[in-house]
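Listed in order, the protein sequences are those of chains H and W.
Per my numbering: the first sequence = residues 10 to 395.
Per my numbering: the second sequence = residues 10 to 395.
FYI, nobody ran anything at the bench for these hints, they're computed from the structure.
What you are looking at is a predicted structure, and each value in this text was computed from that prediction instead of being measured.
Check before you lean on any hint, since a few could be wrong.
Identical chains share a label here; the pair holds if one copy fits it or two copies do between them.
Claimed, not checked - Pairs of lysine-lysine residues, derived as DSS-like cross-links and limited to a Cα-Cα distance of at most 27 Å, are as follows:
1. 141 <-> 164
2. 348 <-> 160
3. 280 <-> 59
4. 154 <-> 280
5. 61 <-> 285
6. 77 <-> 348
7. 164 <-> 359
8. 85 <-> 329
9. 359 <-> 254
10. 285 <-> 59
11. 134 <-> 254
12. 359 <-> 160
13. 359 <-> 332
14. 160 <-> 134
15. 134 <-> 59
16. 159 <-> 196
17. 254 <-> 160
18. 307 <-> 346
19. 59 <-> 77
20. 189 <-> 141
21. 134 <-> 165
22. 61 <-> 280
There are 2 protein chains.
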Amino acid sequence: MVKPFLSERMQGIERTLLRQINDQADSSCINLGLGEPSFPTPKSILNHLKQKVEDWNLGYSPNEGIQKLRKLIAEKSGLEVAADQICVTVGAEEALFTALMVIMNSGDEALIPNPGFPAYESIVKIAGGIAKSYQLYRENNFSLKYEHVKKNITKKTKAIILNSPNNPSGAVYSSEELMKLAKLLEKRSIIAISDEVYRDIYFEERPDSIANYVRNYLVVNSLSKSYSMTGWRLGWCIAPPELSKPLANFHQLAVACAPKISQKVALFALKGFAEKEKMHNIEELRRRRDLAMSCVEKYTDLEYVKPSGTFYMFIDVLSKIPKYGNSLEISLSLLSKEKVVTIPGLAFGKGGEGYLRISFASPPEQIEEGIRRIGHFFGVRPRKLQ
Amino acid sequence: MVKPFLSERMQGIERTLLRQINDQADSSCINLGLGEPSFPTPKSILNHLKQKVEDWNLGYSPNEGIQKLRKLIAEKSGLEVAADQICVTVGAEEALFTALMVIMNSGDEALIPNPGFPAYESIVKIAGGIAKSYQLYRENNFSLKYEHVKKNITKKTKAIILNSPNNPSGAVYSSEELMKLAKLLEKRSIIAISDEVYRDIYFEERPDSIANYVRNYLVVNSLSKSYSMTGWRLGWCIAPPELSKPLANFHQLAVACAPKISQKVALFALKGFAEKEKMHNIEELRRRRDLAMSCVEKYTDLEYVKPSGTFYMFIDVLSKIPKYGNSLEISLSLLSKEKVVTIPGLAFGKGGEGYLRISFASPPEQIEEGIRRIGHFFGVRPRKLQ
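Here chain H stands alone, though its shape is the one from the complex (with noise of 0.2 Å):
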């Protein structure tokens, strides 16, 4: 070709470790990289769309999703936000897209966490950005604190991504922490977009917003991990009103509409119809993550963050590198000696490094022969807990 085809935007942008990995994994795999909990479908949901499907009509709907929707998500947000204020979005993946490409302008910077989810760094540079990192360090098990925040931002910061829980630690952020860097966001016209798609999975206390402490928040949510939903693509943007026009202009022109099938379990699900079978899941997750726990304590001598929320754990291989390599090599090392899948804390950002992130959504067997395999890779005998 004479002509390079691929925009410059499309430059450097690969596809990313964690998919890398999980490509190479194949069914003989223990598989503990996944993103999404081994649970169906919960079959109330189902059932519906079997007795329903008949009746809908499964054309478009408005671009900005089912009005009935909207108002429903929007006061299941505990914010006081009108249903014109919602743009229903397919998956919250195309909420954070559409957010970060109607407020960044070349050279704008955004600060990602670090480690964080890694599609942070590329869509912040797809939309013409420049990601900064703040840093979520291990003395804190990797919450939030104001001060590493602070420090990065300079007059062109545009918006901060919060994420809470935490992808990959499973750390939940303070109140504190969050009204402490509010009022900074606040002072300085900041928009803080709080990713809150693991928002109803957590341990402990239930997890703060900083929507709650601000004016000018983009919040990126979805039935995907909540409901076990994630083929669905069904997720949600809550913007300002300033904002939410433009929102469902772009959502148009990139995609038209969030499916509507997806709309229409949606006004099911979040009416509170499959509420005890969401919880029930929630519930075998915490059971999960005390099995995760317990089972790194006794295949394996590695130390681990215990998660707040999330489904996934970061266990801590810092002091396996001299002698096995960085956690990328371990990871891949792992996966063809031990065929077990992890995630290598690299993949989050070198704020990552030296660890491996386990996803406890895979089912308790599997969740315990692939930390058996972990720990038989680094020569541990299994010891017995007490």
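Position chain W against the provided structure of chain H, taking the given hints into account.
Relative to chain H, chain W alone:
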């Protein structure tokens, strides 16, 4: 707010005229503005869904789509392409959006049809490009003429969007003109973006595709119009090997993946199990087209462009402008005085001025009543047809 929150790329991006008009319509209106057939999702597809949904894994699919579906789309495309060249998208809208975002740089020019689908211009602008239009003229029944494209090509031309059958005129581009254009595109390394969402809806010869004559194409298609499945948000983009990975990377960051349930039913539909209903619907659209043409002749004194495809017809109101105002003013008056929704030709660019787009995707009784009202608006008494 202290800083302007809206990104530059979104400045000037307004809700399209097409959407604005539809927003003003209420359920008491006769709607000849619809961009989707009035048929429900094929019954065979809903039955399949009801039978199988509990067996399906409705978690994430691979970002690019279910492999079997990609293979089937490649096979059905009529092009020599591999499954790896297919990205399954959230309808054709996301396919088009992704295609442009992956190739356009700031300052690049993309040629768009005028009159044409209004999103083309907005997406090109969002992608940083400059939308330059090539005119489609009434004297050619709004079909493509190579010369009218050629004179708009410059050193900066990166891509051209082709849409045959064409929204809003229903024109089908001839193979002869496509072949002439193809030679020029090859010579100048210009990418042909072929929007083929109406390609299965034709009333004369099967529409050809520029992809048969060039190496560098991005074909955009979906189930939306051909299977009456607009709300399912299931489309695809066929890309040259050099662009298929970046396309998938962008798509991953924008939406993660297309809705899984829609991919599952697409697999069923494209295997041919909904073919009978699809063909039945297209035959019905032919009858509605014939009805629409005879109603325009019976109830109005207006000329029209006989549609060769799509479910749109362009009716000529040029002679009415001195008395009634431009196409937008006529459309708004029709809405307020006669309660009939039409789309002003202006919504599709200056080249559409002097026309109204009416959709014959609506039920027959609405087509007749809507056109009767248009005649009434212009003070025409119904004629008796032979």
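In rising order, the numbers of the hints this structure does not comply with: Numbers 2, 4, 8, 15 and 17, in rising order.
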